[in-house]
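Engineer: Sequence:
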Amino acid sequence: MATLQKVNLGTPPTAVDGDTVRGANTKANANVDVLNAQVALTSAAATITTAQALTAAHVGKRVNINLAAAGTINVPSAATMGLDGVVHLRNVGTTLVTLAIATGSGDTLALTKLYGGESALLDSDGTHAIGCLLRGRPNTDNETVIGNETIGGTLSVTGAASVSGSFSAKGAAFFGSSAQASIDATGVFFGVSASYTGGVTVNGTLVGGALAAGGPVIYSGTGSLNATSNNYQLALRNSSTAAGKFWLIGPNSANNIVVFNQGLTGCYISDGATAWASQSDERLKNIRGNIEDAIAAVKDIRTVRYTWKADDDHAEALGETNDSRVYIGVIAQDVQKHCPEAVSESSGGYLGVAYSELVPVCLAAIKELSAKVEELEARLA
538 MATLQKVNLG TPPTAVDGDT VRGANTKANA NVDVLNAQVA LTSAAATITT AQALTAAHVG
598 KRVNINLAAA GTINVPSAAT MGLDGVVHLR NVGTTLVTLA IATGSGDTLA LTKLYGGESA
658 LLDSDGTHAI GCLLRGRPNT DNETVIGNET IGGTLSVTGA ASVSGSFSAK GAAFFGSSAQ
718 ASIDATGVFF GVSASYTGGV TVNGTLVGGA LAAGGPVIYS GTGSLNATSN NYQLALRNSS
778 TAAGKFWLIG PNSANNIVVF NQGLTGCYIS DGATAWASQS DERLKNIRGN IEDAIAAVKD
838 IRTVRYTWKA DDDHAEALGE TNDSRVYIGV IAQDVQKHCP EAVSESSGGY LGVAYSELVP
898 VCLAAIKELS AKVEELEARL A
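For any residue, its number in the working numbering is found by taking its place in the sequence shown, counting from 1, and adding 537.
Any given hint could be a false lead.
[Said to hold, decoys possible] Capping the alpha-carbon separation at 27 Å, the derived lysine-lysine pairs in DSS-like fashion look like this:
| hint | residue 1 | residue 2 |
| --- | --- | --- |
| 1 | Lys782 | Lys836 |
| 2 | Lys822 | Lys846 |
| 3 | Lys598 | Lys650 |
| 4 | Lys909 | Lys846 |
| 5 | Lys904 | Lys822 |
| 6 | Lys564 | Lys543 |
| 7 | Lys846 | Lys874 |
| 8 | Lys782 | Lys846 |
| 9 | Lys874 | Lys822 |
| 10 | Lys836 | Lys909 |
| 11 | Lys836 | Lys874 |
[As the list claims (entries may be wrong)] Here are the computed distance ranges between Cβ atoms for each label pair:
| hint | residue 1 | residue 2 | range |
| --- | --- | --- | --- |
| 12 | Val569 | Thr609 | 51 to 57 Å |
| 13 | Gly803 | Ala869 | 17 to 23 Å |
| 14 | Gly560 | Leu671 | 35 to 41 Å |
| 15 | Asp678 | Gly560 | 55 to 61 Å |
| 16 | Thr540 | Ala593 | 20 to 26 Å |
| 17 | Val569 | Ala605 | 36 to 42 Å |
| 18 | Ala647 | Ala552 | 18 to 24 Å |
| 19 | Gly560 | Ala607 | 40 to 46 Å |
In case anyone wonders, no lab produced these hints; they're calculated from the structure.
Using N, Cα and C, we set each Cβ at its ideal position, and we do this for glycine too.
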């Protein structure tokens, strides 16, 4: 801003080398302009109640705004305000006031909104920039930030915090009065501690990785694991190269407990039944032939009494077993010779027998024996 000037009075007593009368008056007039520019702000004549464009008459004034409906106030252009020109805007009402540049000015404006009770002192560079020199707060205890707010230190919230949009925490996030649960910067969830009680309700789909529980997973009420419908409440999918393989476990629409694979084949317990049933409907089968030489197969399969080996070499395959209890069964290698369909191999290379698969072989053997008996009876008749 320009400075005040002194009149050169010249050398007394004649002052012949001082300012002329016109020159002295010119300095005096310039001083008046400087003082006018520094005079205290005064309010404009009337409160603005409708959307409009401010003029040069509002420059250097306190402008009160009280819009009946939300609207836009266009501030004077930077050229109109002049270098270091200011205008003080006050929203004395409760309606949001939108601020915009003068039409066609090409100016930039640092502040675009005034909430109820807010005020702002705008200043100009005299060319195309209108900045916000000072900004007041709303006329209530509540604060509203129009744009983004960045806090370089710690933000402490005593009451509740409400977030209507997305919440992003790039560092660690802690939950609970004593940080019983937390999510670290890598997204790993920790918690809850023994002092935490409560429940988690997921209305949609819960997607995640492996669930590791240090203790039992308990449903205290009517709990269910339900992927898409009331059929097959639990789906177990293979995550290896055979990812298309899976098992469906749980009640179906007929209230049968089923254990089905991806082909919807397996076994089930009918509602009210006490034993497992296997799917055996002829409509589901491609019959390739009959079981033959069943007697020879049955004769060749050893039926034994045995105990499980409990040494370290076999513990992993057997798990915890009672090595003193005597069991009855067959030998998988014997069965494999005649009925390979009833034998499977574990990941450790050990063979297992589906004993229910031997029932048809025994039935076929009985039929063969029955035919021999009938033939002998016919000879003796």
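Engineer: Among all the numbered hints in the text so far, which are the ones the structure does not match?
Structural biologist: 1, 2, 4, 8, 12, 18 and 19
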